[in-house]
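4 protein chains.
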Amino acid sequence: MSKTIPTIAIIGLGYWGPNLLRNFAGLDECHVKYGCDKNKERLLRFQKQYPSVTFTTNADDIWNDPEVDGVVIATPTSAHFELAKAALKAGKHVLVEKPMTATSKEGKVLVDLAKKQKKHLLVDHTFAYTSSVFKINDLIKDHALGKLLYFDSTRINLGIIQKDTNVIWDLAVHDLSILNSFVDFADITEIFAHGSAHYGKHIEIGHLHLKFKTGFYAHIHVSWLSPVKIRHTILGGTKAMVLFDDTEPSEKIRVYDKGIDHDDTKPDPFFPKYRSGDVLIPALDSTEALLREARHFVACISGKEKPIVPGELGRQMVRILELSDESLKKNAPIKIKSL
Amino acid sequence: MSKTIPTIAIIGLGYWGPNLLRNFAGLDECHVKYGCDKNKERLLRFQKQYPSVTFTTNADDIWNDPEVDGVVIATPTSAHFELAKAALKAGKHVLVEKPMTATSKEGKVLVDLAKKQKKHLLVDHTFAYTSSVFKINDLIKDHALGKLLYFDSTRINLGIIQKDTNVIWDLAVHDLSILNSFVDFADITEIFAHGSAHYGKHIEIGHLHLKFKTGFYAHIHVSWLSPVKIRHTILGGTKAMVLFDDTEPSEKIRVYDKGIDHDDTKPDPFFPKYRSGDVLIPALDSTEALLREARHFVACISGKEKPIVPGELGRQMVRILELSDESLKKNAPIKIKSL
Amino acid sequence: MSKTIPTIAIIGLGYWGPNLLRNFAGLDECHVKYGCDKNKERLLRFQKQYPSVTFTTNADDIWNDPEVDGVVIATPTSAHFELAKAALKAGKHVLVEKPMTATSKEGKVLVDLAKKQKKHLLVDHTFAYTSSVFKINDLIKDHALGKLLYFDSTRINLGIIQKDTNVIWDLAVHDLSILNSFVDFADITEIFAHGSAHYGKHIEIGHLHLKFKTGFYAHIHVSWLSPVKIRHTILGGTKAMVLFDDTEPSEKIRVYDKGIDHDDTKPDPFFPKYRSGDVLIPALDSTEALLREARHFVACISGKEKPIVPGELGRQMVRILELSDESLKKNAPIKIKSL
Amino acid sequence: MSKTIPTIAIIGLGYWGPNLLRNFAGLDECHVKYGCDKNKERLLRFQKQYPSVTFTTNADDIWNDPEVDGVVIATPTSAHFELAKAALKAGKHVLVEKPMTATSKEGKVLVDLAKKQKKHLLVDHTFAYTSSVFKINDLIKDHALGKLLYFDSTRINLGIIQKDTNVIWDLAVHDLSILNSFVDFADITEIFAHGSAHYGKHIEIGHLHLKFKTGFYAHIHVSWLSPVKIRHTILGGTKAMVLFDDTEPSEKIRVYDKGIDHDDTKPDPFFPKYRSGDVLIPALDSTEALLREARHFVACISGKEKPIVPGELGRQMVRILELSDESLKKNAPIKIKSL
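Chains as they are written, first to last, in numbering that gives the first Met the number 0: chain A, 0 to 338; chain B, 0 to 338; chain C, 0 to 338; chain D, 0 to 338.
FYI, nobody ran anything at the bench for these hints, they're computed from the structure. By construction, the Cβ of each residue, glycine as well, lies at the ideal position given by its N, Cα and C atoms. Some hints could be false.
What the hints assert, rightly or not - The list that follows gives simulated cross-link-like pairs (lysine-lysine, DSS-like), each with its CA atoms no further than 30 Å apart:
#1 D:K114 - D:K305
#2 B:K336 - B:K114
#3 C:K162 - D:K146
#4 B:K134 - A:K228
#5 D:K200 - C:K329
#6 A:K200 - B:K238
#7 A:K328 - A:K107
#8 C:K228 - D:K146
#9 C:K114 - C:K84
#10 B:K88 - B:K32
#11 D:K162 - D:K334
#12 B:K328 - B:K107
#13 B:K200 - A:K329
#14 A:K107 - A:K212
#15 C:K200 - D:K336
#16 D:K334 - C:K336
#17 A:K228 - B:K228
#18 B:K84 - B:K32
#19 C:K140 - C:K114
#20 A:K162 - B:K265
#21 D:K328 - C:K336
#22 A:K334 - B:K328
Unchecked claim - Here are some chain B residues pointing at chain A (derived, C-beta under 10 Å):
#23 L148
#24 D151
#25 I160
#26 A196
#27 H218
#28 V227
#29 I233
#30 V241
#31 G258
#32 I259
#33 R274
#34 S275
#35 P332
What the hints assert, rightly or not - Distance ranges between label pairs, derived from CB positions:
#36 D:K39 - A:T55: 29 to 39 Å
#37 D:P266 - C:S249: 45 to 55 Å
#38 B:T286 - C:E325: 45 to 55 Å
Isolated chain A (complex conformation) (with noise of 0.2 Å):
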């Protein structure tokens, strides 16, 4: 009776394993069998809030327990990999919190790992699961915004200056994951990342500037030093263009029917007609990301749904980062061929 639905086990439960804890318990399609964390009253806390679930400082007992048949981690970077590793040989499903682990090498070992396991490993890019996301990409899959031209992004506010990493590491993943929900990595030919620091060794302004072989053009602009906080994603089509503005309450998408044509009356191979329509600012579902991730988790165990974000996104997002990084260092832009 206990393999009717699947069972879960959590590792980590420090700041965001609560959250992806507090879905998981919520959900009737799964069960939650194990919580795991290293901190002992930690998980004397959590027992009380959940006495059905076994919680333990040692993930052997979940590896060892061939009931369990999906883990998430959402412990610090550096332990991804071990993790990721030992549940994916002892034949479980994973889900791992982002970035999915240190460096793209250590990413391309899970994978194939997960390839040969035939498991499926995926990463916890909230954002590809917010209705805001879902909404833009049924518009693209509609041709509602026509060729997508460009993504332009921008994400600042007064931030807590990390010592350890800099401001596109921080940030710029999560503009990267609503980006790579609407274009494909793949197609990226050349990565350059600009900034400052003014207060610690790591830049705390940072632009980062991609351009794909379709022509598309991005870019994304994160900072730790702004007076306001503004979280704006623009992505333009030849069709419609589409502004996603994370601090409004519920009004968070806009599509606007506005861009340029061609003016067929004319006989130059390009005569400009502005077009400016209607704005139409769409109702979106309620539901909350990581309900929704924990859902497709699940519904991906079962085999009934398909990764949205595989393995294979988190380790490019990893490989984008490290190559931002070059670029900085460079003091230039990086040509690439594959990611």
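Since the structure of chain A is already known, use the hints to place chains B, C and D on it.
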């Protein structure tokens, strides 16, 4: 008696010239004697509106009239150099539309000539005369912003795609003339331009990154392909940060008491303490920028004021635009020793 | 030949008249023959700008000229009645500034006279000619809003305190002319006005509540004492609701697919189901309201259109303002059988 | 030892009670001994979360325990009176949810009883404890606003239509508790309520107009039928005006140096001079209102603070709501000598 107030001539009455004519004609402290344009019909029209002004198609009338003290040039850019040169040679003070010249070499010739002739050469960087920029300059002079750290400016809209120039030449000039009011272009050490073209041959989305030897960092983002009109300029300092939003009808400037201080109670060389205080929206003088600029030119002629935007700034601006073209061509940052 | 297009005369060239003159003079479909005002200097100034128009201080020139088809009256309110009466008696069509007359009795006289003379009497309720109001009317005609439920309008700012009138006469006229485009004033059953005076003798903050026999409810809030400028008009219907925000530069109208439906699956006589769908911001025709109105007056003269705002509406508006004064005086709602 | 800090009991753990429980339980300066509710399942749930609290269905346990100093009542309104009366009789201090009682007569009984028992009776007008209202009160005390002139509050949204009460009882209580923080309800001379019902029996759109003997004027607009959520409260004074926008995540208060002064250079008894200066957005203390209120109740019990919202205010609030019902019924303003 005619010489108690300066006498002005205006050349070029197409798009922007009529605004200059209107403002100078409205001043009590000068006398507009000539209006000049190649288009005769246009002149007839203005003659009715300004019966006391002499309208002519021949600029020589102006050079040869010893009564004329100052010449305002608002023709297409290609004609700026020859007209400004002739005016300076005829011993007139000059206010010329931006960009000052088509090349920085021509700019250098004008700057040197003005010096030799001991005449003022001013450039119409209109933003430098706005109440918003004046107010920010007051804050800087009062040390209210602390040490300046960065400038970040976004000027995007669905704009007319120019066939003969790129979006940086078209739009970033405005941001540069704002930036130039706060920091010294002579401190620039590196220029990098990036962007993409989707409809024509020249970039339609552009980014300009400037590094300064003081550690100051500037980024300007311009676009003709945005569905939304944004004109956001942030100037970040160690003591306060300013947001200048030119789309606001009256509340254009917001001063944020926000930033990062060192927590002196901590032994660490840098232990950040985040400050988030009041926001002030200062009332702004309602004087039109162009009126202020007209008055300023007249006051410079009368020896009462010193040029806010002298020819050398105009030359530097053109040089930056040239270097941005070079950077785009090389797809690499351009290091510079001097502009 | 002169009679192929209507001939127009404009009386009153103070504050608003010049706008009317500019718009009528710009039309190909009419000919402006006269401009009339008591102020001779003013006339001289306009003569220069409009050399082909005859400017006069004597309105008799207009009454006596059989070529004149339509007269536009933009004098102070106190003069409207006598001028409009004279114009109608002289067989001219009339467009008169709002409020149409100082009293509703005078309004009645004009309406009857126009009928007798078989001439059009139109009132310049400018808002009725805006693209925003036109768009909302299209939605109403297309049954997109369902049954209309309520109108709620806020028009507040730091405004000039009028010495001889209250804020309802000064500002609520605009909201009433918007309201009147959507519902029939003849259905009003009760008028209640309320407010307060803090500096002068007449109320400076005002509220006007109107009940209709259809169940429709209207509230208008006007103020000269607000620190913020708000121009929010909501029109609520059973199928959709519209927000008209006149301070927005282009996105003036928002159509909300929001409301309350009856849940038919429930036995209860009314079990509410809340609907919260998309928001649409329709693109608006950029035609200036006054230009549209000028064209409309000419088209009415030519027999091509029927008056959108006939004299009877102007009379009703004045009557509502009179009744609001009566309500203020009695500090009680005024029940009415007919306006 | 148990008596070094006050002991608290909380009755009613349905909708709002859990928030009170959480805040009181989190305080170091009090000890929560009892939680009480009729629903046993609910109590079991809370027992797990708060193992040190005694949960009971019998309020007598609380009345009979001499250790209990203060009782917090968050049951449905109909039960407030009997519970508060019992608590006061048992010698406990009381904090009761709003509205304090179902009728103002009951309110009077409680106020008198508290006085007799020498116990504090406080009402949970939560808005009175927000940082926004505290900040505005600071401005008033610092004479920054000058003489207060008017209060204008809009609280509209698509809201749940209540079957047993009208929108004024449901929503205007919030605006009244804000208003009451600034002016004295004892000065009210006239109450007028107006509105309309479109779906149910009770008004769904409501307006409440209050006149004060000081000349102060208050208007509150509430609605369940608005397509947009607006929470705008303006407090106008002779020296400055404040806008409180509760939908803003952090910039909730704007202080406008705007208003009308007398131009002393003019002989006229009132010659207005319009002032439009800076706008200040003060930083606000981030303390949660309910936490501040919990602390305040404990401090009142300990004799360290005086009630900010004593029972008499709660009674006045209920009386105003009763009078608004009377005004609606009579469709006329109600003049009052005392509340």
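Cross-check of the supplied hints:
The hinted pair formed by K114 (chain D) and K305 (chain D) meets the criterion: a straight-line CA distance of about 14 Å does not exceed 30 Å. For the suggested pair K336 (chain B) and K114 (chain B), the alpha carbons sit about 24 Å apart, so the restraint of at most 30 Å is met. Between K162 (chain C) and K146 (chain D) the CA atoms are separated by roughly 22 Å; this keeps the pair inside 30 Å, and the hint holds. Note on K134 (chain B) and K228 (chain A): the hinted pairing holds, with a Cα-Cα distance of about 23 Å set against a maximum of 30 Å.
Under the criterion of a C-alpha separation no larger than 30 Å, the hint pairing K200 (chain D) with K329 (chain C) is consistent with the structure, at around 29 Å. Using a Cα cut-off of 30 Å, the hinted pair K200 (chain A) and K238 (chain B) holds, with the two alpha carbons roughly 20 Å apart. Between K328 (chain A) and K107 (chain A), the direct Cα distance comes to roughly 24 Å. Compliance with the 30 Å bound is thereby established for this hinted pair. Restraint check for K228 (chain C) and K146 (chain D): satisfied, since their Cα atoms lie roughly 22 Å apart, inside the 30 Å limit.
Under the criterion of a C-alpha separation no larger than 30 Å, the hint pairing K114 (chain C) with K84 (chain C) is consistent with the structure, at around 12 Å. About 19 Å separates the Cα atoms of K88 (chain B) and K32 (chain B), which keeps this hinted pair within 30 Å; it holds. For the hint pairing K162 (chain D) with K334 (chain D), the CA-to-CA distance comes to about 29 Å; that is within 30 Å, so the pair holds. A hinted pair counts as satisfied when its Cα atoms are at most 30 Å apart, and K328 (chain B) with K107 (chain B) qualifies at roughly 24 Å.
For the suggested pair K200 (chain B) and K329 (chain A), the alpha carbons sit about 29 Å apart, so the restraint of at most 30 Å is met. A hinted pair counts as satisfied when its Cα atoms are at most 30 Å apart, and K107 (chain A) with K212 (chain A) qualifies at roughly 23 Å. A threshold of 30 Å between alpha carbons decides the hint, and for K200 (chain C) with K336 (chain D) the separation of about 25 Å falls inside it, so the pair holds. A hinted pair counts as satisfied when its Cα atoms are at most 30 Å apart, and K334 (chain D) with K336 (chain C) qualifies at roughly 27 Å.
Only pairs whose Cα atoms come within 30 Å are accepted, and K228 (chain A) paired with K228 (chain B) is accepted, the gap being roughly 18 Å. The hinted pair formed by K84 (chain B) and K32 (chain B) meets the criterion: a straight-line CA distance of about 20 Å does not exceed 30 Å. Between K140 (chain C) and K114 (chain C) the alpha-carbon distance is near 28 Å, which keeps this suggested pair within the 30 Å criterion. For the hint linking K162 (chain A) to K265 (chain B), the alpha-carbon distance of about 16 Å falls within 30 Å, and the restraint holds.
Between the alpha carbons of K328 (chain D) and K336 (chain C) the distance comes to roughly 21 Å, so the proposed pair stays at or under 30 Å and holds. Distance restraint check for K334 (chain A) and K328 (chain B): the Cα-Cα separation of roughly 15 Å lies within the 30 Å cut-off, and the hinted pair is therefore satisfied. Proximity of L148 (chain B) to chain A holds as hinted, the smallest CB-CB distance being about 5 Å (cut-off 10 Å). Among the interface hints, the one on D151 (chain B) holds; its C-beta lies about 7 Å from the nearest C-beta in chain A, closer than the 10 Å criterion.
Satisfaction of the interface hint for I160 (chain B) is found here, the shortest Cβ-Cβ separation to chain A being roughly 6 Å, below the 10 Å cut-off. A least Cβ separation of about 9 Å between A196 (chain B) and chain A falls short of the 10 Å threshold, and the interface hint therefore holds. Here the hint on H218 (chain B) is kept, as its CB sits about 6 Å from the closest CB of chain A, short of 10 Å. The interface hint given for V227 (chain B) holds, since its Cβ lies 6 Å from the closest Cβ of chain A, which is under the 10 Å cut-off.
Annotation: I233 (chain B) was flagged as interfacial toward chain A, and the flag holds, the nearest CB pair being 6 Å apart, inside 10 Å. About 8 Å separates the beta-carbon of V241 (chain B) from the nearest beta-carbon of chain A, less than 10 Å, and the hint is met. Interface hint status for G258 (chain B): upheld, as the beta-carbon distance to the closest one in chain A is roughly 8 Å, under 10 Å. The criterion of a C-beta within 10 Å of any C-beta in chain A is met by I259 (chain B), whose closest approach is roughly 6 Å, and the hint holds.
Proximity of R274 (chain B) to chain A holds as hinted, the smallest CB-CB distance being about 9 Å (cut-off 10 Å). Residue-level restraint check for S275 (chain B) holds (minimum Cβ-Cβ distance to chain A is 7 Å; threshold 10 Å). Annotation: interface hint on P332 (chain B) holds; nearest CB of chain A at approximately 6 Å, less than 10 Å. Judged by the Cβ atoms, the range 29 to 39 Å given for K39 (chain D) and T55 (chain A) holds: they are separated by roughly 33 Å.
Taking the beta carbon of each, P266 (chain D) and S249 (chain C) are about 46 Å apart, inside 45 to 55 Å as hinted. For T286 (chain B) paired with E325 (chain C), a C-beta distance near 46 Å keeps the hint of 45 to 55 Å intact.
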